[in-house]
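Novice: Chain by chain, the residues run as shown.
Protein chains: 2
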Amino acid sequence: MPADAADSAAPAPVTMRRGRRPGPNDTRGAILDAARSRFAADGYAAATIRRIALDAGVDAALVMRFYGSKDDLFAAAMSVPTDALQRLANAFDGPTEQLGERVTRAYLTLWEGSPSEYEPLLAMFRSAVNHEQAAAQLREFLQARFVEGIVPRLGDVPDAALRVSAASSLLLGVVVGRRIVKVQPVVEEDLETLVKLIAPAVQIVLAGP
Amino acid sequence: MPADAADSAAPAPVTMRRGRRPGPNDTRGAILDAARSRFAADGYAAATIRRIALDAGVDAALVMRFYGSKDDLFAAAMSVPTDALQRLANAFDGPTEQLGERVTRAYLTLWEGSPSEYEPLLAMFRSAVNHEQAAAQLREFLQARFVEGIVPRLGDVPDAALRVSAASSLLLGVVVGRRIVKVQPVVEEDLETLVKLIAPAVQIVLAGP
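Protein sequence lines, in the order shown, are assigned to chains A and B.
Heads up: the first sequence at position 52 corresponds to 52 in full-length UniProt numbering, and the numbers run straight through without jumps.
Heads up: the second sequence at position 184 corresponds to 184 in full-length UniProt numbering, and the numbers run straight through without jumps.
Worth flagging that the hints you see were computed from the coordinates, not collected in a lab.
A portion of the hints provided could be inaccurate.
Intra- or inter-copy, both count: the list cannot distinguish identical chains.
[What the hints assert, rightly or not] Below 30 Å or equal to it, Euclidean Cα-Cα: the simulated BS3-like pairs (lysine-lysine) are:
1) K182 / K196
2) K182 / K70
3) K70 / K196
Just chain A, same shape as in the assembly:
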């Protein structure tokens, strides 16, 4: 048995799935399928590019060439809208005085926009609430996003990681109140009224008084 198949449970002959040679889209699809299964089975932290590549029957370098990083592969496998997350992260850049307003508006706007952007997030959240395995995946993904993508943008604010995760929790609560439990009058107010009310709270948590 070849060494690289040693811990593969059932090495599927990927090349025999169809009556023609697999093109790039088939390979991408096979990688995403393998990633979804592997993240679900092992969790975000324990899953490795190497193992996902093995499951998909491709080289790890190809997975990296297609998806860049484990983080981005996870986002692609879960259909997480990476553009939207990038806009959210970008809101942390800029003058500290309007930090709360930029972040609040970016966050709430994401949930008012295209269903193709917020529905995968909503689906991940619904799963996380009822399944610890899904919660662990979401947690580890957010962790990676926060630690690498957002916390450094706050510069030398003390307790930046705590502030970012607390502010994110507050904003998640507003989305839950508005989109899931649908509490009045939070659910019926327009976006700008909410931003005006919530932004100072997010500002004080992110930047202090």
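Model the placement of chain B on the given structure of chain A, informed by the hints.
Specialist: Frame of chain A; chain B shown alone:
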């Protein structure tokens, strides 16, 4: 009653469950069973004391004598800890300057305390996230609690209902971050550190700058 009849599929007549006349506890139990079914079937708003009494085979006046109001009957049927909710409502009383701190501490303390207090709330929340029917129940129950129990305590603050529901959403987000998704470092900070960080945000939403 013979042991093998205990888990018989045939529906046993309620009055024959025991070898004595049904006492007050049986009646209370029958009312709670009827309330749970009726709230689930019709939702909180549409369910009536009269109909629940009919389902339970008792007089509506008896339901009111046992449970006082539809709100309290719902709380009892769902095992919602009414004492804990009362402590939360009471935190809205007192000097405006410490409003955010009192409410934040009361809210977060509830989720650090006895599982018998927060588990029914967690169960309701988990159901609400995945079932619109349960979300409607929770929403209508919170609405009744807020409108009748908390908003008047804010006195003549403009937009009191919006402020209370927005602040509650923020605090719910902290609980979700801490107890469900378990985002670091929100999950590992002690209660007082979180209160110190979050209370000014709740203050500014409840009372303005």
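Novice: Between the shortest in-copy and the shortest cross-copy C-alpha distance, which are at most 30 Å for K70 and K196: within, between, both, or neither?
Specialist: Result: close neither inside a copy nor across copies, 37 Å intra and 36 Å inter.
Novice: Using 30 Å as the alpha carbon limit, work out where K182 and K196 are close: within a copy, between copies, both or neither.
Specialist: Intra 19 Å, inter 28 Å, cutoff 30 Å: intra and inter.
Novice: Checking an output row: K182 and K70, CA cutoff 30 Å. Within, between, both or neither?
Specialist: between (35 Å within a copy, 21 Å between copies)
When the structure is compared with the earlier hints, a violation turns up for hint 3 alone.
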